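Protein sequence lines, in the order shown, are assigned to chains A and X.
For the first sequence, the residue numbers in this note's numbering are 1 to 60.
For the second sequence, the residue numbers in this note's numbering are 1001 to 1343.
These aren't lab readings, by the way, just hints derived from the structure by calculation.
Since the model is a prediction, treat every value here as computed from it, not as a measurement.
Among the hints, a few may not be true.
To be verified - Restraint-style ranges between C-beta atoms, simulated for each label pair:
id, chain 1, residue 1, chain 2, residue 2, range
1, X, GLU1252, A, ASN40, 39 to 45 Å
2, X, GLY1026, A, ASN40, 38 to 44 Å
3, A, ASN40, X, GLU1124, 51 to 57 Å
4, X, ALA1322, A, ASN40, 56 to 62 Å
5, X, ASP1087, A, ASN40, 27 to 33 Å
6, X, GLU1209, A, ASN40, 18 to 24 Å
C-beta: ideal position from N, C-alpha, C; glycine also.
Below, each chain spelled out in residue letters.
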Amino acid sequence: MKEKMYIEYLFMLMTIGDMMGIPLLPPYYTLRLLPYMVPNIKGWKLRMLRERDFTDIVTG
Amino acid sequence: MPRSVGFKYLFEKRPELKIAIFAGKGGLGKTTSSAALSYKLSSMGKRVLCFSTDPQASLSDIFEKDLFGKGEIEISKNLYVLEIDADKRIKEYVDSIRQKIKDMYKIEEIPREVEDYIESAVAEPAMYESAVYDAMLDVVSQNKYDFYVFDMPPFGHGIRMVAMADILSKWVDKITEARRQAYEYEKVASRLKREKYTEREDQLLKELESIRDRIVGFSRLITDPKGTAFTMVLIPEKMAIVDTEKALKMFEELGLRMSGVVVNQVYPPAILEDPRAPEYLKKRVEAQKPFLREIYEKFENLILAIIPMLRREPRGLEMIEAVAKELWESTITLDDLEAISKR
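Given only the sequences and the hints, what does the whole structure look like? Please build it.
And the structure:
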């Protein structure tokens, strides 16, 4: 279950990662995936921010 | 035998050509060259589509007709022109995405986070580029014409997208694979929810594959060694020479081959011999010399055509015909360029 979740997040990161400032696919095409991502968007963004904080603590 | 140049020779060597792309900075003669080649090929009986996006140096001006955002318009027999309105295209596309979200979740309003995302995506300059490339692929896939001439938008050298297409297609393959794996886990993990859930997953996978196909399709369209001639237009000026060299290097690094270059706005060297030619004109011919020498030395084997400096702006079918003649079989030969470079 957890593994599945990580793959989901990886996928999210690759497709709409540019929300976090990491553009990978051109926005023209990520928009086509957006409708499918709608339910995940809020939770995903929070999670990414949390993980970034964690990294900051470790490296800083 | 003088070493003549012109697109005539390119077409003799490559009879399977179906697409010509003109790239390079704005203001060097890309749109004029595109219009001229389209005109020439259509006059030879081919059904030609001339595609452009740029509302500034536009086909509308050249053909003296408002074509912008009007769809495919027949200018003369066999000659069709499409000047796309990329901004309008983006707007329609984004609206369709909004509608899809509303339909999928049966909601009236787009959630704020999602709307924020849409708006920031639309603001990206890459959005415009992608929309243009998508439109290019569309017209070629419809396969309604014998020949396509593309006037590439004046940003990013037109070559960056080859690199982009390659990287992107790899990325989408990876994403598709990751998605497929997620899908496999899903099957095991949630048998109960499965039916309703997987239907959407399947759609998403299809969407991803279709994106990959578009990207690969576009990459093939512009790099096809048989069917496509990728051409850069330059003029005898330092910046244009530097840009062309950079583009050539990028092409090489990507393992691609540029078909060649068109040298535009060249003052015929005969002006120097003409006693009636005004002094200022002779000075301009002199000023071009070092750059023509550089062009000859650096791009000798790549020169496809040499277009002389025109007396007036290339507007209207009559002027386009004059440019087409030079593009097809140039009056100025490689020997002329060599002579200039030795003087």
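So, going through the hints one by one against the coordinates:
1. About 42 Å separates the C-beta atoms of GLU1252/X and ASN40/A, a value consistent with the hinted range of 39 to 45 Å.
2. GLY1026/X and ASN40/A have their C-beta atoms about 42 Å apart, which keeps the hinted 38 to 44 Å range intact.
3. Checked against the given bound of 51 to 57 Å, the beta carbons of ASN40/A and GLU1124/X, roughly 22 Å apart, lie outside it.
4. Roughly 59 Å separates the CB atoms of ALA1322/X and ASN40/A, a value that falls within the hinted 56 to 62 Å.
5. Between ASP1087/X and ASN40/A the CB atoms are about 30 Å apart, so this pair conforms to the stated range of 27 to 33 Å.
6. Between GLU1209/X and ASN40/A the CB atoms are about 20 Å apart, so this pair conforms to the stated range of 18 to 24 Å.
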